[in-house]
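Listed in order, the protein sequences are those of chains A and B. Going by numbering that gives the first Met the number 0, the first residue of the first sequence is number 0, and it counts up by one from there. Going by numbering that gives the first Met the number 0, the first residue of the second sequence is number 0, and it counts up by one from there.
Derived by calculation from the structure, the hints in this document are not laboratory data. Careful, some of the hints might be misleading.
[To be verified] Pair ranges (Cβ atoms, derived): (1) B/Lys85 with A/Met0: 50 to 56 Å; (2) B/Lys230 with A/Pro73: 38 to 44 Å; (3) B/Glu154 with A/Gly169: 26 to 32 Å; (4) B/Lys206 with A/Thr241: 26 to 32 Å; (5) A/Asp219 with B/Lys142: 51 to 57 Å; (6) B/Lys230 with A/Gly52: 31 to 37 Å; (7) A/Pro73 with B/Arg222: 42 to 48 Å; (8) B/Lys230 with A/Leu221: 51 to 57 Å; (9) A/Leu114 with B/Arg222: 34 to 40 Å; (10) B/Lys118 with A/Lys145: 41 to 47 Å; (11) B/Asn96 with A/Met202: 35 to 41 Å.
Where is the CB? At the ideal position from N, CA and C, for every residue including glycine.
Protein chains: 2
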Amino acid sequence: MSKIGEFHFVSESYLLDFRGRVTIPMMGNYLLHASSTHAEQRGFGFNAMASQGCAWVLSRMVIEMKSYPTMLQPFSITTWVEDANKLFTSRCFAIRNAEGEAMGYCRTLWAAIDLESRKPTDLARLDNNLHSFIVDEPCPIEKPGKIQAAEKDTEGEPYKVRYSDLDVNGHFNSIKYIEHLLDMFDLSMFADKEVSRFEIAYMAEGKYGMEMFLHKKEIDPLRYVTSICDKDGKAICRAEITWK
Amino acid sequence: MSKIGEFHFVSESYLLDFRGRVTIPMMGNYLLHASSTHAEQRGFGFNAMASQGCAWVLSRMVIEMKSYPTMLQPFSITTWVEDANKLFTSRCFAIRNAEGEAMGYCRTLWAAIDLESRKPTDLARLDNNLHSFIVDEPCPIEKPGKIQAAEKDTEGEPYKVRYSDLDVNGHFNSIKYIEHLLDMFDLSMFADKEVSRFEIAYMAEGKYGMEMFLHKKEIDPLRYVTSICDKDGKAICRAEITWK
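Generate the whole structure from the sequences, applying the supplied hints.
See the structure below:
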């Protein structure tokens, strides 16, 4: 089986935002679909991990978009494993239009956790072929870095975790975080500009009913840091959003 | 081209709820996907309508589920046009597992609106073959009916329409309504029970920044009526939810 997986999509009208473009959270869904299918087909997906009492946990994600798929536009996502060390594996993605031109790229970092202890597992101990699928393929966007703590200088907007926020493990869904963070921006931002880079660091697990606070801080008019904190002020996730 | 369209899906881990089942809103997305693809392939989809200055608007939807797809379960959705009169067309769906057994059914009612005036269009005036695709196929669930006004006897929970709630027309997304209505129930309901019938009536258009109120009223311990109203108390949508 090829090291690089290629998946085809057509953006659908009822999944677009008010400007008729695929949103960052929806693009996140497409990327996770490509990711989980690629892993499943190669023997290190959800089922293979579950049989070893483990699960993949998304730790970092950065998406850079030059252009967004619009109404009924076919596009492809290719994805591959870039690297794996003791605790993390990095997976990259390229998003291309029907002509094969790059619309964007994505980098993700994953840890494997033990489903009982919820602690990270040594990737080398997993019984799978993950390492044999590592491939050297260019992904021309900057790797995820450190994100400033937006919560330090801002007052948070309260939010309570709801049923629709939960994923299959009963924790806050990775894509839902992105949705809530982007919802802090006024509609005029989305009307005039678009997100050119969205970088998120997942730091702790959000649970049902948790009282959270959403923070947003302007670095410059086109660059913001945001975070979601628990009621004690501990960051659950942080994100940096660059507009163009 | 066949009158009945058949579409295949595999439920994906990152789209399931905390019990590992496809949610009603997610099932709504799959149904809308089947619906829009079926219509597009037969010449009366989004593009064909847009070229005539019109758009389909979902007016009623009722979903009955006997069982829900779980992790990585393949399932199919078949969909067909049941009828069309001057102002509405009804479309039905059957959801089946890999063995062809019915997991659920859905009935929808659609109007066509003029994109300029936002008023309903006479379906007979549309230049398409919609009527030639009408087929007599059983859909053994009760048609959508009148839903009691939950807002009459209850106090609403305030909600402000956000970026992620908007659809491509800049209005409140049909599926997002369902998400917000179900989020009014405590997690224990979803843990102990499941939704057996979800019926929604879309009554007016929600817009960005609108101050809304979410209402929920118990009819009996397994049956609730809910609604979303604007700040003047006018219902934007109403839904009846039956649990088992």
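Q: With respect to the beta-carbon atoms only, verify the hint that B/Glu154 and A/Gly169 lie 26 to 32 Å apart.
A: holds (30 Å)
Q: Take a look at whether the Cβ-Cβ distance between B/Lys230 and A/Leu221 falls inside 51 to 57 Å.
A: violated (34 Å)
(Q) I want to verify a distance hint. Is the separation of the beta carbons of A/Asp219 and B/Lys142 within 51 to 57 Å? (A) holds (56 Å)
Q | 38 to 44 Å as the expected CB spacing between A/Pro73 and B/Lys230, which holds or is violated | A | Holds, since B/Lys230 and A/Pro73 (Cβ atoms, about 42 Å apart) stay within the stated range.
Q.
Within 42 to 48 Å: is that where the Cβ-Cβ distance between A/Pro73 and B/Arg222 falls?
A. holds (44 Å)
Q.
Holds or violated: the 35 to 41 Å window for the beta-carbon distance between B/Asn96 and A/Met202?
A. holds (39 Å)
Q) Between B/Lys230 and A/Gly52, does the beta-carbon spacing fit 31 to 37 Å? A) With Cβ atoms ~51 Å apart, the hint is violated.
(Q) Assuming the hint says 41 to 47 Å, is it satisfied by the Cβ distance from B/Lys118 to A/Lys145 or not? (A) violated (54 Å)
Q) In this structure, is the beta-carbon distance linking B/Lys206 and A/Thr241 contained in 26 to 32 Å? A) Holds: the Cβ-Cβ distance is about 28 Å, inside 26 to 32 Å.
Q | CB-CB spacing for A/Met0 and B/Lys85 relative to the 50 to 56 Å hint | A | Hint holds: Cβ distance 55 Å, inside 50 to 56 Å.
**Q.** Range hint 34 to 40 Å (beta carbons of A/Leu114 and B/Arg222) holds or violated
**A.** holds (36 Å)
The structure shown violates the earlier hints numbered 6, 8 and 10.
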